[in-house]
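Engineer: If you count the sequence shown from 1, position 75 lands on 75 in this note's numbering, and the numbers rise without skipping.
Quick caveat, the hints were computed from the structure, so don't treat them as lab data. Wrong hints could be hidden among the right ones.
What the hints assert, rightly or not - EDC-like, lysine to aspartate or glutamate: derived pairs with alpha carbons at most 16 angstroms apart:
| id | residue 1 | residue 2 |
| --- | --- | --- |
| 1 | 356 | 367 |
| 2 | 286 | 335 |
| 3 | 356 | 306 |
| 4 | 392 | 250 |
| 5 | 286 | 224 |
| 6 | 277 | 306 |
| 7 | 386 | 216 |
| 8 | 286 | 217 |
| 9 | 368 | 334 |
Here the structure is a predicted model, which means the values were calculated and not measured.
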Amino acid sequence: MLIYGWLLVCVVVGVLRGFVSLLLVSGKNVLFVGAPGVGKTRLALESAGFMTGCGPVLVVGRDGLSFEDLVVRFERAGGGLRRVFGGFGCAVLRSWVSLLRGVGPCHVVFDELNRANVDLIFGDLFTALDLAYRYRVPVVKAHELEDRAAVEECVGGVGDVVDRLRELAGRLGGLPLPYSFRLFATMNVVDRAQLFKLSFALLRRFAYLYVLPFYEDYEPSLREISPKEGGVFAKKLDEALDRFVDRAIEELSPSDAVEGDIATLVKLNFSDRAGIKEEVRGLWSKLGLGGLLAWTLGVAKDLGLELGPSVLTDLARLLVVYVSLRHLLSDLREEALADLAYSSLVLSQFSSAVPKLRFRALLSFNDKSRALFADFARRVQEIFGKASISYKIADALLQELPE
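All chains, full assembly: derive it from the sequences and hints.
Structural biologist: Here it is as structure tokens:
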């Protein structure tokens, strides 16, 4: 059965739906980017309903939006002040209430993310959004739950729900984002210049999913890069793969989760760690990911962009989840898996280097950055094909650099 709204997307419905599900189960927040009218907001809202019985909270970006607007603020009322939880704060409260009832988290959809000063308003939420640090950052403080009226305005006053939230906050030192919580965001491609103003810290916490217009074909291919082309990085990545898989499994199965909070949204069995490593390594080799990533790291180094190990951990989490669920993802061809994984988790990080490369090119007539990036985009086309999302993103980044 097709979910209404996914027909708006030119990518095969099952492919996009399957990949978004992979991202969610692997712990990633998702940023939908595309032209106006392609259905980004609808996609985000529908994705936020996957694997949970709690409806999402919608937040619309605007100039002047503050951290307090998102989480909790005070408003004038009757000659005094009253506490009001914002959309994000309410989502945290509702998520924990929903988990206490065995239903699932309440995700947030942040529409037009770039319209707000995200680096300013998110504050500690940057750390909280990272799956590895969820319970370490309380989003709603314990004392804020003493305001019963404000809490009930978000979650209702049925039964002992407020008391149970207070008890939970006492155990956890406040209410953090659940491991199962995800943030979805949208951004118009016409605002692409704004993307380059988003910090690396923010981009790192999202999978960047480009939504194609209906008239564009999506038919990715996959041409393997040899380990030799990856240079010195290829051997190091191959040697480190098992360690990244270990870290991925640990992040996907945290030992401190409470109240039915599941990092993967659905229960997965990671007990056969040796078997999982073997399957991941087989997929890694079959898709040629070692050579591809090693080559990419070399290009990034030449451009002055450092891609940290967290990007590789994200990719390892995705592969671990994929080998656990591949029997349910028959519509997701391996060529599409490689293209979507590379474009959403790796290639998107190059956008943070665009302002520096542009500035460098404007200052020097002899700067080779654009030529280097042009070669990079051409090679991406050779690897994934012209009808791939990876090439479209690489070409879009290239067009932002002066000739």
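Engineer: Does each hint hold? Answer for all of them.
Structural biologist: Comparing the hints with the structure gives:
Proposed proximity of residue 356 and residue 367 is supported: the alpha carbons are some 12 angstroms apart, at most 16 angstroms. Distance check on the hinted pair: residue 286 and residue 335 sit about 11 angstroms apart at the alpha-carbon level, within 16 angstroms; holds. Taking the CA atoms of residue 356 and residue 306, the gap is near 13 angstroms; set against the 16 angstroms cutoff, the hint holds. Using a Cα cut-off of 16 angstroms, the hinted pair residue 392 and residue 250 is violated, with the two alpha carbons roughly 34 angstroms apart.
Proposed proximity of residue 286 and residue 224 is supported: the alpha carbons are some 9 angstroms apart, at most 16 angstroms. The straight-line distance between the Cα atoms of residue 277 and residue 306 is roughly 27 angstroms, outside the 16 angstroms bound, and the hint therefore fails. Distance check on the hinted pair: residue 386 and residue 216 sit about 11 angstroms apart at the alpha-carbon level, within 16 angstroms; holds. For the hint pairing residue 286 with residue 217, the CA-to-CA distance comes to about 25 angstroms; that exceeds 16 angstroms, so the pair is violated.
Between the alpha carbons of residue 368 and residue 334 the distance comes to roughly 34 angstroms, so the proposed pair goes past 16 angstroms and is violated.
In the structure shown, a violation is registered for the earlier hints numbered 4, 6, 8 and 9, in ascending order.
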